[in-house]
Amino acid sequence: MPVINETLGQYSELFMLLAAGTYTVAFIAFAWDLAKSSKMLRAVDLKAAASSANEKVAVAAGRVSDGLGAPDAGGPAGRAERPTSGLTVEGGTAAGDMKYGGVRRAPARVAVALTVLGVLIHGAGVVTRAFGAGRVPWGNMYEFLTTGAFVAVAVFLIVLIRRDLRFLGTFVIGLAIIMLVAASAAFWTPVGHLVPALQSYWLIIHVSIAVLSSALFTLTFAMSILQLLQSYRQKNLAANRADNLGFMRLVPNALSLENLSYRINAIAFIGWTFTLMFGAIWAEKAWGRFWGWDPKEVWTFVIWVVYAGYLHARATRGWTGTRAAWLSIVGYACVIINFTLVNTVFNGLHSYSGL
Amino acid sequence: MSESVKAKKKSPAAESTSAEGTTGEGKLKRAKSEAALPALGFKGMLRWAWTQLTSMRTALFLLLLLAVGAVPGSLFPQRPANPSVVTQYIKDNPSYGQLLDALQLYDVYSSAWFSAIYILLFISLIGCVTPRAIAHYKAMKSQPPRTPKRLSRLPEYGTLALPADAGIPASKAINDAAGLLKKRGYRVDVRDVDGALPSLGAERGFLKEVGNLVFHTSLIGVLVSVAIGGLYGYSGQRILVEGETFVNTLVGYDQFTPGTNFQSSSLQPYSMQLDKFEATFDRESPGKAGQPIDYTAEVTTKENPDAPGKKEVLKVNDPVSLGGTSLYLTGNGYAPMVTVRDGDGNVAFQGPVTAKVQGDNYYSSVVIKVPDAKPEQLGFVGFFLPTAFVTETGTSFSASPELFNPQLSLNSFYGDLGLDKGVPQNVFELDIKDLKPLNARDLAAGGITLTPGATVDLPEGKGSITFDGVKKYIGVDIHHNPGQLYALIFGFLAVAGLVMSLYINRRRVWVRTGTHADGRTMVEYGLLARGEDHRLAGEAAALREIFAREWNVPETPDTGTTKAVSSSTSKDQ
Ligand code: HEM
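Those protein sequence lines, which keep their order, are chains A and B. Residues 61 to 415 in the working numbering are what the first sequence spells out, letter by letter. Residues 31 to 603 in the working numbering are what the second sequence spells out, letter by letter.
Heads up, some of the hints might be wrong.
[To be verified] If you want the ones that stay clear, here's a sample from chain A, every Cβ over 10 Å from chain B, calculated: (1) Leu74; (2) Thr82; (3) Arg102; (4) Val215; (5) Leu289; (6) Leu297; (7) Pro355; (8) Val358; (9) Ala373; (10) Ala375; (11) Leu387.
[Said to hold, decoys possible] Partial selection, computed: residues in chain A whose CB lies under 8 Å from chain B: (12) His253; (13) Phe307; (14) Trp359; (15) Ala368.
Think of the hints as simulated: they come from the structure by calculation, not from any bench. Each residue gets a CB set at the ideal place from its N, CA and C atoms; glycine is no exception.
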């Protein structure tokens, strides 16, 4: 048995608190960015409207030349990564390719810098917890939450390297704060040993993949919500109605959100398939049967089927877009239920894992 | 991509009209055929039902239904896992307990409705996969589709111009392109090599669809494997006190659940003796003291009665494999050793009694039945506490899971235990209805409290009971599931298929070459993806690069010339 180091455990809790505090400031900065930058974009839009006549001519010209067989005005580079970007609505949303560039957003830079600082502190919290307990830091609800929040923020930052998803900041950081607060307030557990049922290398494999997939599902959940809002807003804009969701200017159009969240969901689905399979293998090792419809197994299966439905929806006529987004949201709701209700209320073999 | 987007955009209208069309048609046919040819109408209806069942919408609907249908199994207690909890639940909820039972909500996963959902889903799956497999097989054998007239309409398009002095005529250029594409894994068909406008069609990514088919077929494989396990597998439980031996025959089990096709001759008579069991508890962590941190059972196994014994260690998460089965450590507890003498002074019972864990720190219940006692049979009911602790109000509890202050507290009875009637009895329960009490807290004689080594005489000269010491026992689950290896294999196949299906891109490329009036060799190419493909533009760029390298064309960022050239090429057609 590893030796429990309580001092490290206390440091870990201090780091978690500091991380939550840093995230809170980052959250405010992200929110400020949404408000400020959309105002700025609105000003840009208004200016652009003045010269819109010219633009329309240009667009028309592009279409004509297309008809003649010329490559579209942007050339291959303009189409890079997103052949569908031709479908974007006329302005009012951010660039569909979610690439960096264009306007410089000071609040967003501050927010990202704070998030990086926060994730470093948070990482220190996770690592000290692991060393304090002498094992992987995901053996109970407190640890799932703190480590899960860390992975969610880390994944978000990693995606940020390649794509400008800073508009998701308030969501992701907000969720991370909720998770950290819930961990400390409702599920606090001091560092300790694992019960024999959890002493298995499958804990390392199965749970780490589950946490990683959940982090990806968290991103797509946020994107699907924004997709719904944006497609509602785009309809409004197209019908020349008032834009009552001004802050969504910073967010790309609904179709681009859908496409990117599909790609992330596909990765997460593969991860969840592994979670399910490795869970089954572990269950066989621990309890002698690989599947027994224990509540945790039921919900893992339900989540898997819902996201399989999501992938099907993307290939089914009339089910793309808004409906697919709803499926992605329902899937995430199931992830939350699987983590909260199933661990605490429903009675099953997995119940020891928590409290 | 743009092709599929267009299709999708059109779809709502197209879908509704076509749906109306088919239903309308179906109705018409039926109405007609009912008059004249009922058989045809029936066939038509079947075909209609089949088309509906194997449509993507139905698959989606059934998938979502499956998800919804699985949920109640986590809300209500389930019989296969916990039959006694179900019985209790029905008793506790008289208003709707029976109703839920009628709806099979305590047996969700074997219920008629849940089975119906997944059987329909899998029929739909087979109906979906088979024609797709055939179609795909044909597609793999056929040549890439003909070169479209206007490559520039494709989602990715580009042109290259080879200088007249480079010495690469149109026919050589197309062959070069064919070679390059073949190297990149495309299947290539060159057309019109010696014509004015040679072209080629190329296609790759057939494994995407193969992956999809492998994935879906493997799901059927998993289902079949699970069914095989249910048919030919078996499982059982046995409680083993230190020193006892389990022999793998039907009588060796405390509880046995055979699969539908189980034959008792398939049990291999191996044995496993529990030599020693050790539980380690946390003694240091605040708030967690008493939590178990290790269970280790030392056992001696024999493949068959004549084989030499082999020492093995059985732990949680680490089963022992024997004779095609696996043995799992699933529980443990204490077994107080007692000796009961009857009214005649003879030893009527001696040995360990497995105490059933009821509460924290191994607070366990004990039942001792002594049918051999004479002249009256004896029975004892009570509790075993590894570390007994009595509060001021007189309630006793166990303060630690370890044997710091073991204690047996019993009530005793005499009379007919009812064991001779042949009605099977639960060893953990004593039916005291027909028994007369001897010892109880509210009787003059009081209850029996024993510490190790102590003996208490029963009142009225009915005998005595001695607490000799404490042994430990383990609960062992024995499982044989011939389907699980196949389920595992199909599971991994499914993932492999899934990854192939999601990450291989099915793409078509066409290249056309020609000679410009000024002597340059013009090359144009276009790409088309089937299905989601966000990397099509990347592929187009890569192709451009290898073409340019092959023909030594300097990359000109000037799209103007490209445009001019390309429009001239397409006008040439
Ligand atoms: C047991 C239930 C099923 C599950 C869990 C399931 C799961 C999936 C998943 C995860 C995908 C996306 C990955 C891929 O492209 O391979 C997929 C794709 C697909 N499924 Fe299923 N499926 C099921 C049943 C069906 C049925 C009944 C049909 C036919 C009606 C079907 C037809 C398809 C098709 C055509 C695709 C390809 C979609 C595309 O082109 O992107 N599936 N399925």
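Here is what the structure says about each hint:
no.	hint	verdict
1	Leu74	holds, 18 Å
2	Thr82	holds, 29 Å
3	Arg102	holds, 29 Å
4	Val215	holds, 19 Å
5	Leu289	holds, 21 Å
6	Leu297	holds, 18 Å
7	Pro355	violated, 4 Å
8	Val358	violated, 4 Å
9	Ala373	violated, 6 Å
10	Ala375	violated, 6 Å
11	Leu387	violated, 8 Å
12	His253	holds, 4 Å
13	Phe307	violated, 27 Å
14	Trp359	holds, 6 Å
15	Ala368	holds, 6 Å
Checked against the numbered hints given earlier, the structure breaks hints 7, 8, 9, 10, 11, 13 and satisfies all the rest.
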